[in-house]
Each structure stands twice: as structure tokens, then as C-alpha cells.
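Protein chains in written order, with our numbering: chain A, 1 to 384; chain B, 1 to 396.
The hints are simulated quantities; they were obtained by calculation from the structure and are not laboratory data.
Where a beta carbon is used, it is the ideal one built from N, C-alpha and C, also for glycine.
Watch out, some of these pointers could steer you wrong.
Quick list of simulated restraints, FRET-style, between CB atoms [to be verified]:
{"no.": "1", "chain 1": "B", "residue 1": "Q327", "chain 2": "A", "residue 2": "D373", "range": "21 to 31 Å"}
{"no.": "2", "chain 1": "B", "residue 1": "E228", "chain 2": "A", "residue 2": "R30", "range": "50 to 60 Å"}
{"no.": "3", "chain 1": "A", "residue 1": "R30", "chain 2": "B", "residue 2": "P7", "range": "32 to 42 Å"}
{"no.": "4", "chain 1": "B", "residue 1": "E258", "chain 2": "A", "residue 2": "K141", "range": "19 to 29 Å"}
{"no.": "5", "chain 1": "B", "residue 1": "K14", "chain 2": "A", "residue 2": "D305", "range": "20 to 30 Å"}
{"no.": "6", "chain 1": "B", "residue 1": "I10", "chain 2": "A", "residue 2": "G144", "range": "31 to 41 Å"}
{"no.": "7", "chain 1": "A", "residue 1": "D365", "chain 2": "B", "residue 2": "T6", "range": "34 to 44 Å"}
{"no.": "8", "chain 1": "B", "residue 1": "E4", "chain 2": "A", "residue 2": "D22", "range": "30 to 40 Å"}
{"no.": "9", "chain 1": "A", "residue 1": "D365", "chain 2": "B", "residue 2": "G30", "range": "35 to 45 Å"}
{"no.": "10", "chain 1": "B", "residue 1": "G30", "chain 2": "A", "residue 2": "P230", "range": "35 to 45 Å"}
{"no.": "11", "chain 1": "A", "residue 1": "A376", "chain 2": "B", "residue 2": "E9", "range": "29 to 39 Å"}
{"no.": "12", "chain 1": "B", "residue 1": "H339", "chain 2": "A", "residue 2": "V308", "range": "33 to 43 Å"}
{"no.": "13", "chain 1": "B", "residue 1": "I10", "chain 2": "A", "residue 2": "V308", "range": "50 to 60 Å"}
Partial chain B-side listing against chain A, Cβ under 10 Å, derived [as the list claims (entries may be wrong)]:
{"no.": "14", "residue": "V144"}
{"no.": "15", "residue": "D290"}
{"no.": "16", "residue": "V320"}
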Amino acid sequence: MDFNFTEEQGMLRDSLAKMIRDQYDFENRRKVVASADGWRKDMWMQFAELGLMMAPFSEEDGGLGGGPIDAMVVMEEFGKGLVVEPYVPSVVCGGGFIKRGTDAQKEEYLTGIMSGETIFAFAYAEPRGRYNLADLETTAKKDGEGFVINGHKAVVIGAPWATHLIVTARTSGGRRDANGVTVFVVEKTAPGVSTRDYPTVDGRRASEVYFENVAVGPEAVIGEVDNGLPLIELVSDEAIAALCAEACGAMKVAHEMTVEYSRQRKQFGTPIGKFQVLQHRMVDMFMEYEQSVSMTYMATLKLGDDEVTRKKAASAAKVRIGQGGRFVGQQSIQIHGGMGMTDELAVGHYFKRLTMIDSEFGNVDHHLKRYTDLSAADVPVAAE
Amino acid sequence: MNLEFTPEEIEFRKEVRAFIEENYPKELAGAGTREDLSREQFLAWHKVLGKKGWSVPAWPEKYGGTGWTSTQKYIWGEENARIDAIMPLPFGVSMVGPVIYTFGNEEQKAKHLPGIRSGDVWWCQGYSEPGAGSDLASVKTTAVRDGDHYVINGQKTWTTLAQHADWGFFLCRTDPNAKAQEGISFILVDMKTPGIEVRPIKLIDGTHEVNETWLTDVRVPVENLVGEENKGWTYAKFLLAHERSGIAGVARSKRGIERLRDIATKETVDGTPLIETPEFSRKISQLEIDLTALEFTELRTLASEAAGKGPGPESSILKVKGTEVQQRLTELTLEAVNHYGAPYAYGMEATGNGAGIGPDYADYAAETYFNMRKTSIYGGSNEIQRNIITKMILGL
Numbered sequence: 001m002d003f004n005f006t007e008e009q010g011m012l013r014d015s016l017a018k019m020i021r022d023q024y025d026f027e028n029r030r031k032v033v034a035s036a037d038g039w040r041k042d043m044w045m046q047f048a049e050l051g052l053m054m055a056p057f058s059e060e061d062g063g064l065g066g067g068p069i070d071a072m073v074v075m076e077e078f079g080k081g082l083v084v085e086p087y088v089p090s091v092v093c094g095g096g097f098i099k100r101g102t103d104a105q106k107e108e109y110l111t112g113i114m115s116g117e118t119i120f121a122f123a124y125a126e127p128r129g130r131y132n133l134a135d136l137e138t139t140a141k142k143d144g145e146g147f148v149i150n151g152h153k154a155v156v157i158g159a160p161w162a163t164h165l166i167v168t169a170r171t172s173g174g175r176r177d178a179n180g181v182t183v184f185v186v187e188k189t190a191p192g193v194s195t196r197d198y199p200t201v202d203g204r205r206a207s208e209v210y211f212e213n214v215a216v217g218p219e220a221v222i223g224e225v226d227n228g229l230p231l232i233e234l235v236s237d238e239a240i241a242a243l244c245a246e247a248c249g250a251m252k253v254a255h256e257m258t259v260e261y262s263r264q265r266k267q268f269g270t271p272i273g274k275f276q277v278l279q280h281r282m283v284d285m286f287m288e289y290e291q292s293v294s295m296t297y298m299a300t301l302k303l304g305d306d307e308v309t310r311k312k313a314a315s316a317a318k319v320r321i322g323q324g325g326r327f328v329g330q331q332s333i334q335i336h337g338g339m340g341m342t343d344e345l346a347v348g349h350y351f352k353r354l355t356m357i358d359s360e361f362g363n364v365d366h367h368l369k370r371y372t373d374l375s376a377a378d379v380p381v382a383a384e
Numbered sequence: 001m002n003l004e005f006t007p008e009e010i011e012f013r014k015e016v017r018a019f020i021e022e023n024y025p026k027e028l029a030g031a032g033t034r035e036d037l038s039r040e041q042f043l044a045w046h047k048v049l050g051k052k053g054w055s056v057p058a059w060p061e062k063y064g065g066t067g068w069t070s071t072q073k074y075i076w077g078e079e080n081a082r083i084d085a086i087m088p089l090p091f092g093v094s095m096v097g098p099v100i101y102t103f104g105n106e107e108q109k110a111k112h113l114p115g116i117r118s119g120d121v122w123w124c125q126g127y128s129e130p131g132a133g134s135d136l137a138s139v140k141t142t143a144v145r146d147g148d149h150y151v152i153n154g155q156k157t158w159t160t161l162a163q164h165a166d167w168g169f170f171l172c173r174t175d176p177n178a179k180a181q182e183g184i185s186f187i188l189v190d191m192k193t194p195g196i197e198v199r200p201i202k203l204i205d206g207t208h209e210v211n212e213t214w215l216t217d218v219r220v221p222v223e224n225l226v227g228e229e230n231k232g233w234t235y236a237k238f239l240l241a242h243e244r245s246g247i248a249g250v251a252r253s254k255r256g257i258e259r260l261r262d263i264a265t266k267e268t269v270d271g272t273p274l275i276e277t278p279e280f281s282r283k284i285s286q287l288e289i290d291l292t293a294l295e296f297t298e299l300r301t302l303a304s305e306a307a308g309k310g311p312g313p314e315s316s317i318l319k320v321k322g323t324e325v326q327q328r329l330t331e332l333t334l335e336a337v338n339h340y341g342a343p344y345a346y347g348m349e350a351t352g353n354g355a356g357i358g359p360d361y362a363d364y365a366a367e368t369y370f371n372m373r374k375t376s377i378y379g380g381s382n383e384i385q386r387n388i389i390t391k392m393i394l395g396l
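With the rest of the complex left out, here is chain A (with noise of 0.2 Å):
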């Protein structure tokens, strides 16, 4: 067992926090997001040239090797920095997805996705599936050697700066079955995709897309036509492990910001931070953080397990984050008083990213199930 980070990561964690406080302090970013475009182009470009899009890669994929921990020292900095780009999107789903493709995949996509160029968005949600990654209404008929999709997927976060689609679609089965799913990649400008592009409300931009007699050839599939679920599930787990590194960056931040506002908030005369029940609060803040961190690592140092494993240490830690992250998000804005209200200060903004957090790729109640029901099948063994 080893709890250390090599030299390589610290280097990667050490530039990118750099880089992200000389230009991505919070006013920057606010202009950012109020632009039409709500990105910028020219960072994501730059956090190319730093390597991060290469970093998960395996030296074989042309990457550098790190594997998702270097994703999640890349996270829990975006996450400090509350960072909007489409890093989880493209590199750990889009690239998680490719580089278990075909050669060809492999050959077309990945070099695009590490420089930057190319950028994938993940369209698995449905307005009606809710968490259930196999409960989906869009289709995908054959068609020749070919596929044919309809449907409509829902909040496709970073869509709209997306050039590439990572579809899950019904190719068998009833609604709901676990066989039938398959994944496909789909160009954003194909004929008959469209999109309804929005703000989300914690600063990123994301897509209604609809998919109107799409049709795609057999080298569209990623893995095997109707057996793609585990494969979803795989990625969706690593971009999970991903999401909580984010989450413990943007609560290291709001609770060091909360500190902080109750050494110079002054209220009876003394400094807020003085009064124990603040303080403990503050301590019960800073516990869940600590344990929303060691809950990540578990979490991605278990992405290579056995199945079963994986996903147990996946949602446990989805869990964990989502109340730590709930818990902290809600005693920041309660701490900071009505100031914690106002749009002036950032800490609204991490609350506002860490709630959405929860929602992406499963909630508390669909983890908590999904380790219950996990647990049902799998009978503890004592280890060997």
C-alpha cells in the first residue's frame, strides 16, 4: 500500500494550480461564463500543452501513463479552481471510451482528444431514465451494415463546445434490459443531430440533443453491439472517481474559505470563528472533506479491481461525496450569512457546483441502492 504521489504528479498538480491562479481567478472566470461562448478555447488549448489531456493515457495510446490518478490530480485542481471545461467529458468519458475501441478508433480519435482539438461530450442521461444508464428510449435500428438513431438525450454537459458525441442507444431488448445497449460515436454536425444549447446553473454549458434519423456505419460502434453496458459502466465509474476529486477540491476551497470569513466577520463584537458552535460546524466541514478525499483515492485506486469491487468502491464514494459535499456546500453559504448569498462571492459558486455534482452520473439514493444491491450478491470474503 502506497498513499504517495510520485514526482510527475506532484509537478502536473503543482503547474496546473499555476496556471489556473495566474489565469483563472474568479473574476476572470466569471466573464468567462457570462461570454457567449461561456469557455475558453485558448485554455483548454494551453492545458493541452501542459499535458493533462495525455496524462491518463497509456505510453501505448501515445499518453503518459499516469491513469486516472493523474485524472485526479487534474480534477481536484479544476476543482479548486471551479474550472468549466470539459475535461471529465472529453478526456476521462471520450477517451475513456475510444481507447477501448477498435485500432481505427483508436487511430482517428485519440491523438485529437489529447491535443485538444477534438472534444467529446457524453450523452447518456434521457429526459426519462433518470440514473438507470440502461433505461433509454433512443434508439438505434440496423440499417445495412449501419445503425440509425433517434432519439433524445438530455443534459449532454459540454455539448455545445463539443465536436464529437459519445451516444448510448437501444439496439435490442425492452426498455430497460441490461442487453441491447450499445455505444456509438457520433459527429455533433451529422445530419439530423441537433441541439438546444443552455447554461447549467453552476456555470457550465450543456445541450438538449436530438438525434433525427442519424445514420452511422459499423465503425461507429465502440465494443459490442448490444452488450455495451458494462462498458458504460466502466467509464461512467471512472468519470465518477473524477467528479469526487473535483468535489474534494471545490470543498478544500469553500471550507478554507469559510475559515477564513469567520477570522474577519465580526458579530458581538468578536470574530464569528470564535464561537464554538461555528467552530465545530467548521471542524465537522473539514472532517467530511478529509474523509471525501480518502474516499476518491479508494475510490480510483479500485477503478482496476474485479467488477463487482470497482463498482461497490465507485458508488460508496459517490455516496460519501454527495452528503460531505452537500454537507459543506450548505454550511459555507450558512456561515458566510447573507453575504453567502449574494453572486459577488465565490463561495455561492462552489456551492452551486458541488449540489450539481450529485446529480452527474447517480445521486446518494441510486449509489446507496446500487452498493446495496451489490452487496446482496457478493458475499464478503476475508482476504487471502
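Use these hints to put chain B onto chain A, whose structure you have.
This is chain B only, laid out in the frame that chain A set:
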């Protein structure tokens, strides 16, 4: 970063498991969660470990520690919890032992450390007083110098298992005019010294686990002072940090959850195993998730301790979260056994009945739940731990 055990560590696990299986006293199998044990029962495993050289794994090697890595210590804890072993009590091994080898003189080390290692000498902790609980630094028990003796007068309370103790370590006020923290000394006392009276306190679960300890003109040789006179508070705090670091009880709680799952499989609701009801199964899941968070927080803490830092204020997190998990575990176990939580096992002496009524797994469920309420109070209450984090980590 990785979670893998090395081949050496896997081999180590085999070795300690085999040793435990061969040497753990058969008649005490599964007794580690009981509170009503005799002195001999408490010490049986400690004595075996003392002979093997494994009774004080956390100590520096020159004082008899095993030199195990933090991972090996983690494995050791897991393997003992696997059979609910009765582990060496903390008073000597994790409390006074580290104080003596860190702050004591050579004579004290030579005199006291061997008995702690072997399990031949039982220690008790003379910290709390009726008027000094969370405000520990307000201790009033006095030690007044008289030639080459201290004369100790006062009353200590919550002296855990002092009824068995050979020696005790006491916080006494040696300078009545100094500020609260500054006039305290750390003194070792032979419990057979005239003037010491230990009176039992019966707790809500029916056990006699703690005592009042009265000291009247107890004459203790000055060589029993540890470190410097009036510097005892420093040693007291050092000891508390050590006490907290083992207090998380992760391995034991893991075993407890296994037991709880087993109970919830046997209990039924409308013909369905309790564990298959969404209400109860999710309570277990939440507890297990919280325990996982605690476990990895402890592993991170151990890793940073191994990197050279001693137990720091982070150990307060382990104390708070560890005791919350332990308490929740006993709470859910009592919920799981339903009606059969009521028969009073420790009441057998009075009525001749209690244990053995209902399923075996229901024995002591309520008693253990009652008893475990102590955990958020002792070792510095969980509120005091929050004060420590406030000061030491948040800097407020």
C-alpha cells in the same frame, strides 16, 4: 499510489494468521467484544504475545517493538479482529509505555517497560476527577514534596479496570500557584501503596468497568516522577494523542458489520430476511460506507505517520468518526435483534436468567449498545476533539 499488498505482506498475513490460530486461547474465541472478563482472561493473549515479542508492535524496536510497517500493523489488526481476539489493554501498551520510553529515565524504562511488554503488570489511568472531566487541566489531586517522597491526596474517577491494576499513572498538581496547565506532574504509583482505595462504579450496562480511586496521604518515592516536575501536561497530551490513534477500531468494526449482516440474514420481517428490506439494508450500506471512509482516512494517517510525523491532531478525526461508527454499529445490532435485546445477560447473577434466552447473537446486544455510549465521552469527548481540530488545524 496503490493498494496492493506485496508478496512479503501476503506472506506476513499467512504467518500471523497461522500464529493466531495455533496460539490464541481456544476458550476465549470471540470474547473480544465482552466487557465482563477476569484479569486472567484479559491478559491471556497479551502474555502469549509478550513471549512471542509481538505485544507492543507500535513501540520503537529498541524498546521491544516489532519494527513492522504501517501496512503490517494494519494486517495484524485485521487478523486479530477476524477472531474477535482480546487484545492487550491500552493503559500500558499505548498510554504509559510510550510516555515512559519517550520522557522517562533509564531506571524507569528498565523497571516498567518489561512488565508492560509481558503483560505481567496491569496499569490504570489516573486522569479524570469529579471536577476535571473535559477540563482535564483543572485536576485538584495534589502531590506535595516531603523529603524524597511525594504525598498524594485527592480523588480520581473513571479509573478503568483499576480493580485489577498493579500500577497507575496519575496527573497531580505539584504547583498550586501556577496556571492550570503548568503545575501538573505525571507520577507513577504502585497501587498497593497504603492510602489508595478503589471503589467500583456500576455502569448502565451492568458491568463494573470503572472505579473511583481515592488517595489519602499516599507516599510515593520521587523517582516515580516522569520527566520534569510541573511539565506533566505535555506528557498527558502526548499520551492522549497516542491513545486516540488506536481508537478508530476499524478492523473490529469491520468484523462487527459482518456479524450484523449475519444477524440480519437470520432475522425476518414478514417472512423476508431483514437484510433484504430496503430500510435496513441501506442502513448497513451507509454504515459500511462510513467505515470505508474511516478506514482510508486511517490508512492515510498511518502513511503520513510512517513518513516521520508522530500522531498529530488528525488523530482526532479518527477518534470522532471511529466512535461514531462503533456506536452506530451497536445501535443497528440492537435494532436487528428486536425483542431479544431485552433479556439482561449481566443480570444473571441476580435472577439466574438472561443470557441464553433467545438466539445466541442477541446476547449482550443491548448491553453492548449501552456500554458503547462511553466511546464519544472517553479519551477526550468528541466535542473536545473538535476543539482540538479547531485550534490545531483550523487555527481559530
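Structure-based check of all given hints:
1. B:Q327 - A:D373: 21 to 31 Å: holds (27 Å)
2. B:E228 - A:R30: 50 to 60 Å: holds (58 Å)
3. A:R30 - B:P7: 32 to 42 Å: Given a distance of about 54 Å, which is not inside 32 to 42 Å, the answer is violated.
4. B:E258 - A:K141: 19 to 29 Å: violated (49 Å)
5. B:K14 - A:D305: 20 to 30 Å: holds (22 Å)
6. B:I10 - A:G144: 31 to 41 Å: Check failed, 54 Å falls outside 31 to 41 Å.
7. A:D365 - B:T6: 34 to 44 Å: holds (39 Å)
8. B:E4 - A:D22: 30 to 40 Å: Given range 30 to 40 Å: holds, Cβ gap about 38 Å.
9. A:D365 - B:G30: 35 to 45 Å: holds (36 Å)
10. B:G30 - A:P230: 35 to 45 Å: For P230 (chain A) against G30 (chain B), whose Cβ atoms are near 41 Å apart, the range 35 to 45 Å holds.
11. A:A376 - B:E9: 29 to 39 Å: Roughly 31 Å apart at Cβ, these two residues keep to the hinted range, so it holds.
12. B:H339 - A:V308: 33 to 43 Å: Because 35 Å falls inside the window, the suggested range holds.
13. B:I10 - A:V308: 50 to 60 Å: violated (21 Å)
14. V144: Since the shortest Cβ distance to chain A is 36 Å, the answer is violated.
15. D290: holds (7 Å)
16. V320: Status holds, d = 7 Å.
Figure legend: structure checked against the earlier numbered hints; hints not met, in rising order: 3, 4, 6, 13, 14.
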